[in-house]
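Q: Each chain, written out:
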Amino acid sequence: MMTTASVSVLVACMLIIGTAFLFAQNVSAFMAKIEQQNEIVAFIDEKVPEEEYQSLKARIEALDSVAEIRFVTKDQALLDYRAQLGEDGAYLDAFSGEENPLRNSFVITISDLDNFKKVSETVSGMEEIDHVRDTQDIVNVLLSLRNVVQILGIWIMIILGVVSLFIISNTIKIAMHNRRHEISIMKYIGATNRFIRWPFVLEGLFIGILSAAVCFGLQWYIYTYVMGRLFAALNFVSLVPFSQLYPGIAAIFVGIGVIVGGFGSAASIRKYLDA
Amino acid sequence: MMTTASVSVLVACMLIIGTAFLFAQNVSAFMAKIEQQNEIVAFIDEKVPEEEYQSLKARIEALDSVAEIRFVTKDQALLDYRAQLGEDGAYLDAFSGEENPLRNSFVITISDLDNFKKVSETVSGMEEIDHVRDTQDIVNVLLSLRNVVQILGIWIMIILGVVSLFIISNTIKIAMHNRRHEISIMKYIGATNRFIRWPFVLEGLFIGILSAAVCFGLQWYIYTYVMGRLFAALNFVSLVPFSQLYPGIAAIFVGIGVIVGGFGSAASIRKYLDA
Amino acid sequence: MIVFDDVYKKYPNGTNALNGVSFKIDDGEFVFVVGHSGAGKSTIIKMLMHEDKPTYGEINVNGFDINKMRKRKIPFLRRTMGVVFQDFRLIETMTVFENVAFPLRVVGTSRRVIRRRVPYVLGIVRLSHKAKNYPKELSGGEQQRAALARALVNNPRIIIADEPTGNVDPVMAKEIMELLSEINKMGTTVIVVTHDKDLVNTFNKRVITLEDGKVISDQTGGYIIHEEF
Amino acid sequence: MIVFDDVYKKYPNGTNALNGVSFKIDDGEFVFVVGHSGAGKSTIIKMLMHEDKPTYGEINVNGFDINKMRKRKIPFLRRTMGVVFQDFRLIETMTVFENVAFPLRVVGTSRRVIRRRVPYVLGIVRLSHKAKNYPKELSGGEQQRAALARALVNNPRIIIADEPTGNVDPVMAKEIMELLSEINKMGTTVIVVTHDKDLVNTFNKRVITLEDGKVISDQTGGYIIHEEF
Ligand SMILES: Nc1ncnc2c1ncn2[C@@H]1O[C@H](COP(=O)(O)OP(=O)(O)OP(=O)(O)O)[C@@H](O)[C@H]1O
Ligand SMILES: Nc1ncnc2c1ncn2[C@@H]1O[C@H](COP(=O)(O)OP(=O)(O)OP(=O)(O)O)[C@@H](O)[C@H]1O
Ligand SMILES: [Mg+2]
Ligand SMILES: [Mg+2]
Chain A
1 MMTTASVSVL VACMLIIGTA FLFAQNVSAF MAKIEQQNEI VAFIDEKVPE
51 EEYQSLKARI EALDSVAEIR FVTKDQALLD YRAQLGEDGA YLDAFSGEEN
101 PLRNSFVITI SDLDNFKKVS ETVSGMEEID HVRDTQDIVN VLLSLRNVVQ
151 ILGIWIMIIL GVVSLFIISN TIKIAMHNRR HEISIMKYIG ATNRFIRWPF
201 VLEGLFIGIL SAAVCFGLQW YIYTYVMGRL FAALNFVSLV PFSQLYPGIA
251 AIFVGIGVIV GGFGSAASIR KYLDA
Chain B
1 MMTTASVSVL VACMLIIGTA FLFAQNVSAF MAKIEQQNEI VAFIDEKVPE
51 EEYQSLKARI EALDSVAEIR FVTKDQALLD YRAQLGEDGA YLDAFSGEEN
101 PLRNSFVITI SDLDNFKKVS ETVSGMEEID HVRDTQDIVN VLLSLRNVVQ
151 ILGIWIMIIL GVVSLFIISN TIKIAMHNRR HEISIMKYIG ATNRFIRWPF
201 VLEGLFIGIL SAAVCFGLQW YIYTYVMGRL FAALNFVSLV PFSQLYPGIA
251 AIFVGIGVIV GGFGSAASIR KYLDA
Chain C
1 MIVFDDVYKK YPNGTNALNG VSFKIDDGEF VFVVGHSGAG KSTIIKMLMH
51 EDKPTYGEIN VNGFDINKMR KRKIPFLRRT MGVVFQDFRL IETMTVFENV
101 AFPLRVVGTS RRVIRRRVPY VLGIVRLSHK AKNYPKELSG GEQQRAALAR
151 ALVNNPRIII ADEPTGNVDP VMAKEIMELL SEINKMGTTV IVVTHDKDLV
201 NTFNKRVITL EDGKVISDQT GGYIIHEEF
Chain D
1 MIVFDDVYKK YPNGTNALNG VSFKIDDGEF VFVVGHSGAG KSTIIKMLMH
51 EDKPTYGEIN VNGFDINKMR KRKIPFLRRT MGVVFQDFRL IETMTVFENV
101 AFPLRVVGTS RRVIRRRVPY VLGIVRLSHK AKNYPKELSG GEQQRAALAR
151 ALVNNPRIII ADEPTGNVDP VMAKEIMELL SEINKMGTTV IVVTHDKDLV
201 NTFNKRVITL EDGKVISDQT GGYIIHEEF
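Residue numbers (our numbering), protein chains in the order written: chain A, 1 to 275; chain B, 1 to 275; chain C, 1 to 229; chain D, 1 to 229.
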């Protein structure tokens with residue numbers, strides 16, 4: 001009976017930590033996707049001959065964190081702009097062909113927003129590049145968003161982790177309190193502390209590992225079926241598949257199970273051994 | 001001793017729920033701020049006389065969810081565009097004054113992103129408006145972000161809440177198990193279940209309310225000092241001040257304390273009363 | 001009045017503790033119950049107070065039919081009897097005073113009466129000086145006397161004492177038995193389970209002798225135990 | 001050998017349980033300890049096994065100096081003695097067999113030996129049929145005998161029995177005492193705390209009489225207890 005209750009508490013705490021872990025993993029996966037929403041448009045100086053475009057492109061592509069680079073001719077740019085203005089962009093027709101005031105450009109996407117500014121400046125500083133236009137405003141919003149989410153995520157992990165371990169240690173204490181008579185009798189009969197301790201530690205380990213196994217199954221089910229279905233309905237972001245995350249989850253659970261079950265009971269039995 | 005352990009577990013669980021609550025509150029405050037990052041530029045038809053601008057602005061302003069509306073002359077728009085192009089925008093000088101191909105416009109910010117599309121279409125459909133340009137792409141990203149974060153937030157609240165209550169109920173079970181001898185002796189002496197129950201329920205209530213008080217203080221401290229300092233360093237978003245949130249937090253804690261402490265012990269003592 | 005009619009008790013683990021026990025104890029009687037260790041004496045007390053139900057047979061205690069009574073009536077059955085348990089069953093978290101006061105509190109006795117009655121009873125069992133101590137801080141005999149005080153405090157209609165003198169010296173044992181005899185003279189039914197041959201022989205009361213869950217003798221005076229098992 | 005030299009014990013709550021107790025028990029002796037309830041008999045046993053330390057005075061047990069010995073040596077002191085506790089102290093979560101086997105397991109006895117030795121000892125105390133039962137499923141006297149079996153199983157140098165016959169009938173009490181006497185004849189020191197006047201008088205051994213935490217008599221034969229308290 002008491003084992004059931006202990007396992008329940010342990011499973012619950014692991015579930016909290018596991019959920020926080022999965023949450024953090026998904027948030028960072030999601031943020032990675034969000035990071036794609038950026039672009040630097042680098043306008044090529046008119047003096048650069050077209051033959052050099054290829055090597056220029058290669059040089060930009062070689063920069064740190066450049067995820068994608070796409071060449072856009074000035075004609076295409078004008079068409080795009082016209083399309084954006086709709087019917088009323090007809091007046092732009094006057095600028096087509098040789099009259100086109102726009103320039104050929106590269107549209108660059110950055111993989112790591114932290115390097116966005118650096119890349120933008122590097123590209124801007126290239127001789128062949130006339131000037132750049134970037135979405136620094138949006139990038140700034142995304143950057144702060146990411147920082148906030150990450151810091152919150154880490155703190156939530158830490159708080160939940162600490163709190164869970166605290167809960168477990170107190171639960172073990174209460175459970176051990178149930179055994180105080182048993183322990184004191186063993187001592188009266190001449191058992192050494194080591195002799196008394198190891199069955200408790202073994203039991204703790206067993207409970208810990210059992211809890212880890214139960215929790216792993218539960219976490220898998222909730223994640224794949226409950227959350228998975230929910231997100232499928234959302235139709236925007238997909239969850240990171242469990243198969244990619246389970247080594248981490250398994251390591252966390254078994255780690256907690258072993259440490260808490262084994263060391264936890266060893267630590268909390270001490271009080272009754274010393275008595 | 002056991003009271004300390006019980007209070008500790010209860011406090012820890014409340015802390016989890018409280019943190020989740022504060023997290024959700026802050027996320028929604030943050031999302032509200034993020035929602036400001038949107039705009040619809042409505043270009044005014046050239047045939048509309050300037051005298052009507054004021055009434056047009058008022059009509060747009062009266063639409064649902066319009067947070068802000070700002071008038072931008074076509075001259076200003078040209079200047080802005082020139083500034084954006086930098087030095088190389090000089091060729092635009094040719095279009096200044098009467099030659100300006102751009103139009104006067106209203107820049108509209110929406111308070112509730114869900115209505116973004118509707119407002120954009122309504123404005124676009126107005127006779128006086130030539131066409132609109134909006135940041136639908138960014139808005140879409142923000143919208144999904146918000147939905148994901150909200151759904152995640154709610155689910156995290158629910159999971160943590162359920163798990164915490166589960167932990168508490170199991171802890172009470174274990175703690176009550178410690179008292180089984182006491183309870184059975186009381187029954188042997190002719191005490192009715194009601195007579196035995198109420199001191200336990202009172203004790204449970206006391207533990208619950210004590211935990212609520214401790215947790216409230218702890219939560220306040222962590223939130224204001226630990227998290228507050230952290231976010232101050234972040235320098236981007238500020239936390240919702242605790243003074244705005246504490247009624248909710250207090251209600252949650254006292255609610256949990258009373259329900260869990262009182263009903264929880266009443267429920268878990270039952271098993272030993274029936275025995 | 002207590003009536004046992006052909007009572008059997010088989011514990012879940014298969015032990016047949018009672019094998020057809022019948023006897024009748026009238027109000028105001030004083031009865032010794034003797035028998036080997038494991039003969040079923042404590043089991044009879046368990047049946048009397050509805051700690052457990054008989055497997056077969058009828059039991060009637062102070063008008064309560066043990067088999068048919070509703071669960072919620074059990075506390076009221078138990079209030080008609082004061083029991084000294086073989087293992088004392090004092091509440092660890094209460095002082096001696098609180099333990100002895102408990103049966104009074106259960107029936108809603110006023111504090112004023114409790115403050116008068118409890119010290120009086122503790123005085124009778126010579127435990128006044130230990131009123132504020134917890135059971136753990138008592139010697140074996142002191143715990144036994146605290147349990148006795150608790151059984152007496154409520155002036156119950158029946159007093160049942162399971163081995164009430166096992167942990168006290170012969171002089172105090174005799175005192176306790178004389179006390180029970182006094183109480184019996186004032187009309188209370190007294191049932192004493194004991195192994196103390198001397199006491200049984202001295203007091204010359206009705207003696208029910210059990211062996212292997214059966215009544216093998218029910219007569220006045222004298223301790224009979226077969227030497228062979 | 002056991003030496004008590006002017007031992008005082010004051011419990012944290014202020015009770016003076018021992019007030020200058022001195023005696024010496026040689027290896028192989030058989031000693032009864034008698035005295036009123038609360039005289040300090042069980043306290044002496046607590047001191048002997050280092051369950052608690054004396055407030056003042058020297059105690060030496062089997063070569064261990066109780067005041068100066070290191071904590072980690074305590075288990076080894078306790079293994080030299082087999083104690084029948086007044087409150088039995090059986091482990092609730094273990095069967096009778098496991099309880100009795102425990103002192104053997106503690107010293108690393110092989111399973112084979114345990115499987116032979118435990119049933120043998122359970123047979124001596126007539127509990128073979130309860131080997132698989134849990135303490136809760138035993139009668140008072142059966143629990144007492146299980147505790148006795150546990151004290152004997154390890155062939156300790158000293159056997160200390162605190163009221164070992166309080167819950168058994170006179171015939172079995174005599175049997176138990178004869179058993180202890182047998183064991184004593186094979187060289188084991190035996191200390192029996194008892195209130196059973198008959199037994200003390202029958203066995204005619206050394207009797208240490210305590211009163212209010214002092215030794216008031218230490219002589220061979222006869223149970224002396226003052227009638228007045
Ligand atoms: N809860 C139980 N479960 C199983 N068997 C039990 C239980 N309680 C008692 N017994 C068994 O029932 C039989 C009668 O027990 P009981 O306690 O009535 O004996 P007793 O006459 O009081 O003995 P003693 O003088 O030793 O206290 C014994 O064999 C005992 O082992
Ligand atoms: N843990 C304790 N804390 C405080 N006082 C105690 C404690 N244990 C015993 N005492 C007191 O010390 C005195 C001696 O107790 P002890 O248990 O040694 O008596 P005893 O001679 O064994 O009596 P009995 O025959 O009743 O078992 C008693 O007055 C008792 O109340
Ligand atoms: Mg009995
Ligand atoms: Mg004692």
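I should point out that these hints are in silico values taken from the structure, not numbers from a laboratory. Be aware that one or more of the hints could be misleading.
What the hints assert, rightly or not - Straight-line alpha carbon distances no greater than 25 Å define the calculated DSS-like cross-link-like pairs of lysine-lysine that follow:
id, chain 1, residue 1, chain 2, residue 2
1, D, Lys10, C, Lys136
2, C, Lys185, B, Lys187
3, C, Lys174, D, Lys197
4, D, Lys132, C, Lys46
5, C, Lys132, B, Lys271
6, B, Lys187, C, Lys73
7, D, Lys214, D, Lys24
8, C, Lys205, C, Lys174
9, B, Lys117, B, Lys33
10, A, Lys271, D, Lys46
11, C, Lys197, C, Lys24
12, C, Lys136, D, Lys205
13, C, Lys174, D, Lys214
14, D, Lys205, C, Lys197
Q: Compare the structure with each hint and give your call.
A: Now the hints, each set against the structure:
no. : hint                   : result
1   : Lys10/D with Lys136/C  : 15 Å, holds
2   : Lys185/C with Lys187/B : 29 Å, violated
3   : Lys174/C with Lys197/D : 13 Å, holds
4   : Lys132/D with Lys46/C  : 22 Å, holds
5   : Lys132/C with Lys271/B : 31 Å, violated
6   : Lys187/B with Lys73/C  : 12 Å, holds
7   : Lys214/D with Lys24/D  : 14 Å, holds
8   : Lys205/C with Lys174/C : 14 Å, holds
9   : Lys117/B with Lys33/B  : 19 Å, holds
10  : Lys271/A with Lys46/D  : 20 Å, holds
11  : Lys197/C with Lys24/C  : 23 Å, holds
12  : Lys136/C with Lys205/D : 32 Å, violated
13  : Lys174/C with Lys214/D : 24 Å, holds
14  : Lys205/D with Lys197/C : 22 Å, holds
Consistency note: the structure conflicts with the earlier hints numbered 2, 5 and 12.
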